[in-house]
Amino acid sequence: MTADARADEENNMLEIKGLKVKLEDEDKQILKGVDLTVGAGKVHAIMGPNGSGKSTLSYVLSGRDGYEVTEGSATLGGEDLLELEAEERAALGLFLAFQYPVEIPGVGNMTFLRTAVNAQRKARGEEEMSAADFLKVIRAKAKTLKIDADMLKRPVNVGFSGGEKKRNEILQMAMLEPKMCILDETDSGLDVDAMKLVSEGVNALRDAGRGFLVITHYQRLLDHIKPDVVHIMADGRIVKTGGPELALEVENNGYADILAEMA
Amino acid sequence: MGFLQQKQEATAALLDGISVPAGAVWITAIRDAAMARVIENGLPHRRDEYWKYTRPDTLTAQDVIPAAPFEHGEAPMFDDIDRLKVVFVDGIFDADQSDDLEGEGLTIECLSDIVNKDIHWAKELYGQLEANGQTPVQRPLAALNTALAEDGIIIRVTGQVSRPISFFYKHEDENSDAILHHVIKLEEGASLTLLENGPAAARFNKVLEVYVADKAAFNHVRAQGRDHERRAATHIFGRLGTESSFKSFTLTVNGVLTRNECVLELTGDDAIAHVAGACVGDGDFHHDDTVFVTHDAVACESRQVFKKVLRNGATGVFQGKILVKPGAQKTDGYQISQSLLLDEDSQFLAKPELEIYADDVACSHGSTSGAIDEDGLFYLRARGVPKDIATDLMTLAFLAEAVEEIENEALADCILTRLEGWLERRRG
Ligand SMILES: Nc1ncnc2c1ncn2[C@@H]1O[C@H](COP(=O)(O)OP(=O)(O)OP(=O)(O)O)[C@@H](O)[C@H]1O
Ligand SMILES: [Mg+2]
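From first to last, the protein sequence lines stand for chains A and B. When the letters of the first sequence are read in order and numbered with full-length UniProt numbering, they come out as residues 1 to 263. When the letters of the second sequence are read in order and numbered with full-length UniProt numbering, they come out as residues 1 to 428.
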């Protein structure tokens, strides 16, 4: 391992230890002790039945209100994520591609993204990107994702089709160049071609440094984005971890066998 | 003693010793008639249905509550716009600070000059829309204005005037109690843009009457002054002829009390009337938009778009009515009033109304009140946008629908800049 790679390794590692989370307003435990480490440059997939807590994990990591961490920790590059505001986590390099991207009427997609890029740069003490540079970069990236100029001008996600919303998430990811990307069911709602496009987008970002946590129900996405590790989440815990073959097993047999094995 | 009688007595006591200003016979007749309306109906009382949400007492009281002029140190609104500037200081026309009152395609005069002329075109028009606008709902403060106003601007537009006229209301005396009455008449095919800005006075009672003849177009953009303690009751009365258009936008930033009434009558077929407003209030702020649009002709379109952002206990009021008279077929009426409450102490009180006596019409109205969308806020923050900036982005987006009613981009930019400034100053 080179020195650079080792630095990335330390910087970009996502470490979750014994994470227990309940709802703030309700006495409902959702995550019941999650342990997970995603190393730099690695792709981890999480599969698991509906309601097992996958999205909750992604929200808790990215700083959404409404949850209470009762135990455990989560760090990115050694920094305690749980202590930070959502925007600070983003500036640190955490990115969540939402399962359900939010529509924001009246806020232009382009304005939004430029504000986000520059806010992150500012938070990291970097120079802001000029309007001209930004335009050049976003146009090029939008083109590879087959996002037309019109979509960039429209209000964020308003009136976008399901697939367009997902592609817009990937565009944001490409613009923000995060260290650690969590993709929550980015494949759902995508047609076959869009799935390929999005996967290529992800693979293009998959250089040595960047880690990915890909939440999906389908093996299909993992054909395009080859995972290093596959986890199965059930009832708020990671119940099984394996290689890519685990995804195939789920695809063929469902979760019954795995869950039975655990019981 | 009945409620009306009580009001009449209180009003008579309040106006005791006050008489209408001197002038030519015609204006005296108009002023006397207006004064009679005030005494007969009484000044607004908080038990009046039409004043249910806004307390009128400080607007009607004999004494003015002092209001300090606000030194914001910024260039006045519209300063970069090429315009014919008419300046008032504490409600008094200031010739020295104003441009020459002349322009191509129009005549422009001071009310104080025409009231001494025996013959003037405004004779038939002054106070007429105000008088007409007293039914079905009384507007005694406007009648009081007609009776007592000594200053104002009287404009007759005969051509398409591209350079806007702007009324700039300076406020210097913290005890000023200003009354202004303007009349604008647009002849057939004429067009004019009117800009208004400035706080005007500690207390300001203003009436603007606009006659829009067939195929004429009136555009109006106003920014009410930022003095925190100022109080204002304003009325716009408009009458629209065939294929004419009337578009008015108002921005209100600060001001402890504002009541803006807009009373429009569409009397010619295919006329268009748009009224919009954006207001942002922080703390001791009460803002009331009361709009009454009457459709009395065929195939007219009206739009009311009002947006209010309220925080720290500010109050917003909207009373909006669309009245479609018998025979006003193919009416297209739209009304929306929305508030964004940035905290739980602020409130929005709305009374949207439709009253329709024709069968072939399309009218819709909606009123909403809500907090900032938490999901949207989180989405922006998850992309790295700090909470205060994300909130501002969403707040501006909320106001955008009203600001977009301004067709002229340079004017819309003036308004947006002011709104952005307001938000920026409130960031932590
Ligand atoms: N705010 C909330 N209020 C009530 N229940 C909640 C809330 N958030 C999550 N839950 C519950 O927590 C559990 C986990 O939800 P989560 O969305 O994390 O599941 P998931 O694994 O992402 O499911 P899916 O595969 O369907 O997307 C579910 O039972 C869900 O109903
Ligand atoms: Mg989910």
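Simulated from the structure, these hints should not be mistaken for laboratory data. Hints may contain errors.
To be verified - Cβ-Cβ distance ranges computed for the label pairs, FRET-style:
1) Gly189(B) to Thr111(A): 50 to 58 Å
2) Ala149(A) to Arg163(B): 33 to 41 Å
3) Lys17(A) to Thr417(B): 18 to 26 Å
4) Arg55(B) to Ser161(A): 46 to 54 Å
5) Glu85(A) to Gln97(B): 22 to 30 Å
6) Ala149(A) to Tyr334(B): 17 to 25 Å
7) Ser130(A) to Arg46(B): 26 to 34 Å
8) Leu349(B) to Thr111(A): 56 to 64 Å
9) Glu404(B) to Asp148(A): 34 to 42 Å
10) Asp193(A) to Glu374(B): 48 to 56 Å
11) Ser130(A) to Asp375(B): 29 to 37 Å
12) Ala123(A) to Glu409(B): 30 to 38 Å
13) Asp150(A) to Thr417(B): 54 to 62 Å
14) Glu424(B) to Ala123(A): 12 to 20 Å
Just so you know, even glycine gets a beta-carbon here, dropped at the ideal spot from N, CA and C.
Evaluate the given range 33 to 41 Å for the C-beta pair formed by Ala149(A) and Arg163(B).
holds (37 Å)
Do the Cβ positions of Lys17(A) and Thr417(B) conform to the proposed distance bound of 18 to 26 Å?
50 Å Cβ-Cβ, so the 18 to 26 Å window is violated.
Glu374(B) and Asp193(A) - C-beta distance against the hinted 48 to 56 Å:
At 35 Å between Cβs, range violated.
The hint says 22 to 30 Å between Glu85(A) and Gln97(B); measuring C-beta to C-beta, is that right?
Distance hint for Glu85(A), Gln97(B) is violated at roughly 50 Å.
Please test the hint of 29 to 37 Å on the beta carbon pair from Ser130(A) and Asp375(B).
Distance hint for Ser130(A), Asp375(B) holds at roughly 31 Å.
Mind checking the hinted window 12 to 20 Å against the Cβ distance between Glu424(B) and Ala123(A)?
With Cβ atoms ~18 Å apart, the hint holds.
Check the following: the C-beta atoms of Ala123(A) and Glu409(B) are separated by a distance inside 30 to 38 Å.
About 33 Å separates the Cβ atoms of Ala123(A) and Glu409(B), which means 30 to 38 Å holds.
Confirm or reject the claim that Ser130(A) and Arg46(B) have a C-beta distance inside 26 to 34 Å.
violated (56 Å)
Does the Cβ-Cβ separation between Arg55(B) and Ser161(A) fall within 46 to 54 Å?
holds (51 Å)
Distance restraint hint 17 to 25 Å, applied to the beta-carbon atoms of Ala149(A) and Tyr334(B):
The hinted range 17 to 25 Å is violated for Ala149(A) and Tyr334(B), with Cβ atoms some 31 Å apart.
Evaluate the given range 34 to 42 Å for the C-beta pair formed by Glu404(B) and Asp148(A).
Because 23 Å falls outside the window, the suggested range is violated.
For Asp150(A) and Thr417(B), compare the CB-CB distance with the range 54 to 62 Å and indicate the outcome.
violated (27 Å)
Violated hints, listed in ascending order, are 1, 3, 5, 6, 7, 8, 9, 10, 13; each of the other numbered hints is respected by the structure.
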